[in-house]
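Using the sequences and the accompanying hints, generate a full structural model.
Going line by line, the protein sequences match chains A and B.
Just so we're aligned, residue 1 is where the first sequence starts under the working numbering, counting upward by one.
Just so we're aligned, residue 1001 is where the second sequence starts under the working numbering, counting upward by one.
No lab work stands behind these hints, which were simulated from the structure alone.
Each residue gets a CB set at the ideal place from its N, CA and C atoms; glycine is no exception.
Mixed in with the good hints there might be a few duds.
[As the list claims (entries may be wrong)] One-sided and incomplete, this derived list gives chain A residues near chain B with beta-carbon spacing under 10 Å:
(1) Ala-114
(2) Asn-129
(3) Thr-158
(4) Gln-290
[Said to hold, decoys possible] Just a sample of chain B residues kept apart from chain A, beta carbon distances all over 10 Å, derived:
(5) Ile-1037
(6) Asp-1100
(7) Trp-1123
(8) Asp-1152
(9) Leu-1178
(10) Met-1187
(11) Lys-1221
(12) Ala-1243
Here are the chains, one letter per residue:
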Amino acid sequence: MADLIDKTSQLIPLDPPVFDNPVGLGLRAPHYEEILETKPDIGWFEVHPENYFGGGIHRHYLGKIREHYPLSLHAVGLSLGADQPVDTEHLRQFKELIDIFEPFIVSDHVSWSASGNAHLNDLLPLPYNRETLERLRRNIEQTQEYFGRQIIVENPSTYIAFKDNEMSEFEFMNLLAKITGCGILLDVNNIYVQSHNHGLDPYEYIDGVNKNAIFEIHLAGHTEKTIGDHSLLIDTHNKEVKDDVWDLYAYTIKQLDKPLTLIEWDQDFPPLETLLSEASRARKILDLEQEERHAAE
Amino acid sequence: MPLNEFQKDFKGIMLRPLSQVDEAASQFKDNFVNDHIPVNERLKIYHNNVLGSLSKNILTTYPLLEALVGENFLKTLAREFVMENPPQSACLHYYGEEFDIFLKKHASTQSMPYLSDVATLEWALHKAYHAADDSPMSTDDFSAIEPDSLADTTLTLRGSLSLIASPYPLQAIRDMCLKKTEDAPDMTIDHNTRIMVWRQKLEVNILPLEDDEFMMLSEIKKDKSLGEAVENTLNAYPDFDFAAFLKKNIIFETFSKAHSNN
Chain A
1 MADLIDKTSQ LIPLDPPVFD NPVGLGLRAP HYEEILETKP DIGWFEVHPE
51 NYFGGGIHRH YLGKIREHYP LSLHAVGLSL GADQPVDTEH LRQFKELIDI
101 FEPFIVSDHV SWSASGNAHL NDLLPLPYNR ETLERLRRNI EQTQEYFGRQ
151 IIVENPSTYI AFKDNEMSEF EFMNLLAKIT GCGILLDVNN IYVQSHNHGL
201 DPYEYIDGVN KNAIFEIHLA GHTEKTIGDH SLLIDTHNKE VKDDVWDLYA
251 YTIKQLDKPL TLIEWDQDFP PLETLLSEAS RARKILDLEQ EERHAAE
Chain B
1001 MPLNEFQKDF KGIMLRPLSQ VDEAASQFKD NFVNDHIPVN ERLKIYHNNV
1051 LGSLSKNILT TYPLLEALVG ENFLKTLARE FVMENPPQSA CLHYYGEEFD
1101 IFLKKHASTQ SMPYLSDVAT LEWALHKAYH AADDSPMSTD DFSAIEPDSL
1151 ADTTLTLRGS LSLIASPYPL QAIRDMCLKK TEDAPDMTID HNTRIMVWRQ
1201 KLEVNILPLE DDEFMMLSEI KKDKSLGEAV ENTLNAYPDF DFAAFLKKNI
1251 IFETFSKAHS NN
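Shown next as structure tokens:
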């Protein structure tokens, strides 16, 4: 892959903003009213832009909440890994939201969901090879050019592995960042899920991924599904973050400088208090790491 | 396997019934790592995610149907709908509009012909909730129209607005599903339901209409000029009172703009 062009030198480095509280929450409809009433101590919110296309009541609430908090737009529908260009109507509606809500970052996933005109509403797996890299490069560049800004892309949870993978996932993510200038949204839970499902070492992944490209971290809960004598972990986003994932997070942030961290929860919504408790746990781990660094100086 | 071919084949598996996934998985035996967990079991995770999330989206859009036929039956219908009509956009609040047509044709719902009209009502509620904001015409906006040009003026209905005609008592069915009443409405007679669904600020409203009002709004929706719309409505309903109609619809903020054809 030595012939690949390094785009990072041609683009302005993606520097995460510094917030008083680096921990954010995924914003979901059941919590709109309570957030507006209580204005909880949370650094920022993240939403799926697709939920706000067109307009309507959701967009009204997003506007109100945006008056008080920074916002990240985290897409699930660009289908960057599909072997077809990104849908221009999707880009148009997405850009409309970017212009209105001025998010500090825009992201999507290293996956695909559309084939032809059908959108399957899932983050589907990709082989990590040269052909996929080239397709992702074209679609990420199409998106970045349309938006006039760099995006960040998230490592997925997968349940199958391709025989013709030419590299590991973290090597693939590193190359993608290098050739497109995009940043990495590192989902630590996905790395844990991925490693369990394919017999890999999650700590090796953390050591191998390019820290300079990481803009944001995601944390979420997963579910274990037993199959015969074995199990698969499913990235369900409907539970608290598991202790093993917290441990992996604590290890990850040792190699980063107080990274922006998001708690995601996308179904079976708990009370807002539960999400704030998860966010508080992330903040404590970040603060502890800072204290240890100061003590070591 | 080329990426395009893989994605087409994978999509094909996702949109099949679960019972066919095992057999379909064999076509990927050379592509995926087959270890202690067989490929077909791994593919079923995706299959369940795809059909599960999309059919759940249908159930979320159609809660009255779920109350009428039960979660399991609706889920079965929704899965079938998803397999035949996958979303054409990644924005899922555009998804499921044709579910009423699907129900009308489906063999298992022929004994419940009202289901399709309930689905039409639910889609109208859903559409009103997600519709883009548009400003309503005010009394002043109407006053600004020259009296001489009123007959040639075309009005635009609010983007959130739907008009529904049905022989079934849709509001009574809704009240029953929402447990506002335990009385089951009589489905055997023609209730001649005429309703309007639309949004005012953050409120989605349902309003029963008289036959003449319904026809007038339908004519306006067809982009007929006010003169032609009134004439057609008066031909069908000689007692139609245009002034009262206009006053009522200004209060309910039914129109978004006027266009003079002069």
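Consistency of the hints with the structure:
{"no.": "1", "hint": "Ala-114", "result": "holds, 7 Å"}
{"no.": "2", "hint": "Asn-129", "result": "holds, 9 Å"}
{"no.": "3", "hint": "Thr-158", "result": "holds, 9 Å"}
{"no.": "4", "hint": "Gln-290", "result": "violated, 38 Å"}
{"no.": "5", "hint": "Ile-1037", "result": "violated, 5 Å"}
{"no.": "6", "hint": "Asp-1100", "result": "holds, 20 Å"}
{"no.": "7", "hint": "Trp-1123", "result": "holds, 14 Å"}
{"no.": "8", "hint": "Asp-1152", "result": "holds, 31 Å"}
{"no.": "9", "hint": "Leu-1178", "result": "holds, 19 Å"}
{"no.": "10", "hint": "Met-1187", "result": "holds, 32 Å"}
{"no.": "11", "hint": "Lys-1221", "result": "holds, 20 Å"}
{"no.": "12", "hint": "Ala-1243", "result": "holds, 33 Å"}
Checked against the numbered hints given earlier, the structure breaks hints 4, 5 and satisfies all the rest.
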